[in-house]
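There are 2 protein chains.
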Amino acid sequence: MSENATFEQIGDILRRHESFVILSHVRPDGDAIGSQIALGFALEAAGKRVRLINEDGLPDNLTFLPGSHRIEVPPADPVDAEVAIALDTATKPRLGDATLHAASGADIWINIDHHISNPRYGDINLIDSTSPATGQILYDLITALDLPFPDETRDAIYVAVSTDTGSFQYPNTTAKTYEMGADLIRRGLDVGKINELTYDSHPFRRVELMRALLNTLQLSDNGIVAHWDLRDDTRRKLALFPEDSEGLIDIIRAIRGVQVAVFFEELPDGKIRVSMRSKDRAIDVCKIALEFGGGGHALAAGIRMAGPLEDAKPKVLAAIHRAVEASARS
Amino acid sequence: MSENATFEQIGDILRRHESFVILSHVRPDGDAIGSQIALGFALEAAGKRVRLINEDGLPDNLTFLPGSHRIEVPPADPVDAEVAIALDTATKPRLGDATLHAASGADIWINIDHHISNPRYGDINLIDSTSPATGQILYDLITALDLPFPDETRDAIYVAVSTDTGSFQYPNTTAKTYEMGADLIRRGLDVGKINELTYDSHPFRRVELMRALLNTLQLSDNGIVAHWDLRDDTRRKLALFPEDSEGLIDIIRAIRGVQVAVFFEELPDGKIRVSMRSKDRAIDVCKIALEFGGGGHALAAGIRMAGPLEDAKPKVLAAIHRAVEASARS
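These protein sequence lines map, in sequence, to chains A and B. Those letters in the first sequence? Residues 1 to 330, per this note's numbering, in order. Those letters in the second sequence? Residues 1001 to 1330, per this note's numbering, in order.
Some hints could be false.
Stated by the list, open to error - Examples of chain A residues lying across from chain B (beta carbon under 8 Å, computed):
| hint | residue |
| --- | --- |
| 1 | V207 |
| 2 | I251 |
| 3 | I252 |
To be clear, the hints were calculated from the coordinates, so they are not data collected in a lab. Don't be surprised by glycine CBs; every beta carbon is placed ideally from N, CA and C.
For reference, chain A alone in the conformation it holds in the complex (with noise of 0.2 Å):
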């Protein structure tokens, strides 16, 4: 179905069936592990059977959310469930093997996301790239066929859509994402302490990682460019999770005059993550992520390339300079 499916259609499925599989993607973010808990409880409240897949479980920085422990690193053997809702998961190989394989025993695929570039993988498709998160689309559909809204799914929609909205601040967020957030305080919610636990409770290594970026920023001399680097034994030294790093590029990409952020990572296998942030759509970073065979968005790209460290750096800002130079001149 190429079509978005209505509320109702949805309704539907969820009424005729007792057993669902909820999914997101892989390096799970607040928005899909939001999302799984925000639907995983509507529908266990309502009186169904649950299971909360994610390839690589529950990030550390999430485990406050009321529900999180229900999330599962997928079993070895296909799950009992009739219905797999994949939810915030741009493209389904973004899912992971062994969670295409835990939901391989469903008979209908429900795909909601927030993603442009979805393809509409699923049998029934709710694809809304107006909303600025999954969360927000998941409570729409909650409150419109009347599901039941434990609190852990109000915690969970809050959060889901707060980190994918910087905190209500990104340009996506909409009027109906604030009446949402006033919705949700109705419902009861505690903004002060959920936004402290989402916000303000970060590991001493996170705050060290960020010391360590700073000492090696770089700033181009026209103002234009800040990039810092991460070694691979500085992540081994501070003993590094993934997410420890979420949202750190943000600082560099605050200065004021900088158009273009830069992330690089040296990877256990000597191979290097570069991470770009642009704030012109002129200077668009995933062409420049195309070059090296990389990809993403207008605004937000990435690549992962042959190091070392130093033959990657001065190839990859050359070919960022070039970008800004063409944008002056058009």
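We have chain A already, so just place chain B on it with the hints.
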């Protein structure tokens, strides 16, 4: 008048007079400046004469606010205004001497604020400590009185409330705060743009300051107290502005397990300024501040004490550790 005035009583004063001087506190933050602009432009659009005066003028980080060019430092002579309106200013002296002199010709003082400690120094007072920001009180007032709502007012209210709630995160944020956000977007607010200008446009020196502070960061052995310091020569070397350090203490306050965060600053006169943040009401940093002649609130307090840093630091840290131990025993 010790009771709160009604919106109608305030509306009456606004209608019956033609000239206003609108004030806020020294070292103004987003809520102070935002409130001045919000009310000033609403009154001006209603045909009134308005001056916006602040002891320290407009801070560099708020120059993006439409209408902010109207913020003046106090002129030498009292301005011609029938009504003075103090906004977001907990005590009258916090307006500053030059500002008080500039407003000394006013016949009527209106005092609008959200600080619970405000002693109601106006002829007309509107103190609402349940409001997370003075900007939200003004939103209620302006909409209740059906005053004009120009774009400058809309943007200024958003920034006032966003900065005073840590982007809609703090415990004092209410469902009404979120509903106001929705209404401001429906009135045409560009939410992505205004947040980028508010939060993603720091001068490079602020990131340099962050690096300098992180390089002095120390965490106590029990992980409960985090502190860092700023030498006066670093401040001079980086050519820092007072607002550059605003909010940085939140980086170490956000470390998991930390209950007290402390920022020691060596001032040009050799004195030491100490800022303390507690996450736990049982560790009352105001009490600790009082031991050294400082003051504040249970969760946020400050001291200005004799240097040098080497002497001040161990004294304050010892007092904090005594308070931590006392709270553990109780």
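Now the hints, each set against the structure:
1. V207: This interface hint holds because 6 Å falls under the 8 Å limit.
2. I251: Because about 7 Å separates I251 of chain A from the closest Cβ in chain B, which is inside the 8 Å limit, the hint holds.
3. I252: Since chain B brings a Cβ to about 7 Å from I252 of chain A, closer than 8 Å, the hint holds.
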